[in-house]
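Novice: The hints should help you fit chain B onto chain A, whose structure is shown.
Number of protein chains: 2
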Amino acid sequence: MKARVHITLKNGVLDPQGRAIANALHSLGFDKVGDVRQGKFIEIDLKESDKAKAKSEVDQMCAKLLANTVIENYSVDLVE
Amino acid sequence: MKARVHITLKNGVLDPQGRAIANALHSLGFDKVGDVRQGKFIEIDLKESDKAKAKSEVDQMCAKLLANTVIENYSVDLVE
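Chains as they are written, first to last, in my numbering: chain A, 1 to 80; chain B, 1 to 80.
Looking at chain A on its own, in the form it has when it is part of the complex (with noise of 0.2 Å):
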């Protein structure tokens, strides 16, 4: 099974990365760009068959390792 995990930050939270890339953007003259946020994402192989099991502990690895809960969200899509 693989998990595709998303992690963006909250809402509020400044991204200095995405303010980048939209000037950046802006300087190439695509004017109708507006906000740009940029965030990670991760795939991850498990060997799990059950869909449950495998939500739960990818949820774990997300609050211990990969999204630091405090300013970023993070979602789990799970594909055969």
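Simulated from the structure, these hints should not be mistaken for lab results. Check each hint, because a few of them may be wrong.
For chains that are exact copies, the list does not tell them apart, and a pair is met inside one copy or across any two.
To be verified - Mimicking EDC-like on lysine to aspartate or glutamate, the simulated pairs with C-alpha atoms at most 20 Å apart in a straight line are:
#: 1; residue 1: Lys40; residue 2: Glu72
#: 2; residue 1: Lys64; residue 2: Glu43
#: 3; residue 1: Lys32; residue 2: Glu80
#: 4; residue 1: Lys55; residue 2: Asp15
#: 5; residue 1: Lys40; residue 2: Asp77
#: 6; residue 1: Lys53; residue 2: Asp15
#: 7; residue 1: Lys40; residue 2: Asp15
#: 8; residue 1: Lys64; residue 2: Asp35
#: 9; residue 1: Lys64; residue 2: Asp45
#: 10; residue 1: Lys51; residue 2: Asp77
#: 11; residue 1: Lys32; residue 2: Asp77
#: 12; residue 1: Lys64; residue 2: Asp31
#: 13; residue 1: Lys32; residue 2: Glu48
#: 14; residue 1: Lys32; residue 2: Glu43
If you're wondering where the values come from, they're calculated on a predicted model, not measured in any experiment.
Specialist: Quick look at chain B alone, frame taken from chain A:
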């Protein structure tokens, strides 16, 4: 309209960041974890209501700035 862009390393390109995450997860006791790949996730607010135009604009952004197409793949999802 919002564009959600995923940028991932192509298959076969070494991903030291993903490898480090896998090692850290193993040492935390998550022994069902196999391969891990880390990518980027970028959310762009676009002042453009035409889906086809938005898609082609974001494709250009990826080719020109966001992705290094020699070693990275990108995919674009548009959300209203």
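Novice: Between the shortest in-copy and the shortest cross-copy C-alpha distance, which are at most 20 Å for lysine 40 and aspartate 77: within, between, both, or neither?
Specialist: both (14 Å within a copy, 16 Å between copies)
Novice: Check lysine 32 against glutamate 80 for me: Cα-Cα at most 20 Å, and say if that holds within a copy, between copies, both or neither.
Specialist: Result: close only across copies, 15 Å inter versus 37 Å intra.
Novice: Are the CA atoms of lysine 32 and aspartate 77 at most 20 Å apart within a copy, between copies, both, or neither?
Specialist: Between copies only: 17 Å across chains, 30 Å inside a chain, cut-off 20 Å.
Novice: State whether the alpha carbon distance between lysine 40 and glutamate 72 is at most 20 Å within one copy, between copies, both, or neither.
Specialist: both (10 Å within a copy, 15 Å between copies)
Novice: Is the C-alpha distance from lysine 53 to aspartate 15 at most 20 Å within one copy, between copies, in both cases, or in neither?
Specialist: Neither: 33 Å inside a chain and 27 Å across chains, both beyond 20 Å.
Novice: Indicate which option fits the pair lysine 64, aspartate 31 if close means a Cα-Cα distance not exceeding 20 Å: within, between, both or neither.
Specialist: between (40 Å within a copy, 15 Å between copies)
Novice: Check lysine 51 against aspartate 77 for me: Cα-Cα at most 20 Å, and say if that holds within a copy, between copies, both or neither.
Specialist: Classified as within; 10 Å inside a copy, 25 Å across copies.
Novice: Should lysine 64 paired with aspartate 35 be assigned to within, between, both, or neither, using CA atoms and 20 Å as the limit?
Specialist: This pair counts as between: shortest inter-copy Cα distance 18 Å, intra-copy 30 Å.
Novice: At 20 Å max between alpha carbons, let me know whether lysine 40 reaches aspartate 15 within a copy, between copies, both or neither.
Specialist: Intra 13 Å, inter 14 Å, cutoff 20 Å: intra and inter.
Novice: My question is about lysine 64 and aspartate 45: at a cut-off of 20 Å on alpha-carbon distance, are they close within one copy, between copies, both, or neither?
Specialist: within (18 Å within a copy, 31 Å between copies)
Novice: My question is about lysine 32 and glutamate 43: at a cut-off of 20 Å on alpha-carbon distance, are they close within one copy, between copies, both, or neither?
Specialist: Only across copies: lysine 32 and glutamate 43 sit 14 Å apart there, 31 Å inside one copy, limit 20 Å.
Novice: Within, between, both or neither: how does the pair lysine 32, glutamate 48 come out at a Cα-Cα threshold of 20 Å?
Specialist: The answer is between: 7 Å across copies meets 20 Å, while 44 Å in one copy does not.
Of the numbered hints listed earlier, those contradicted by the structure are 4, 6.
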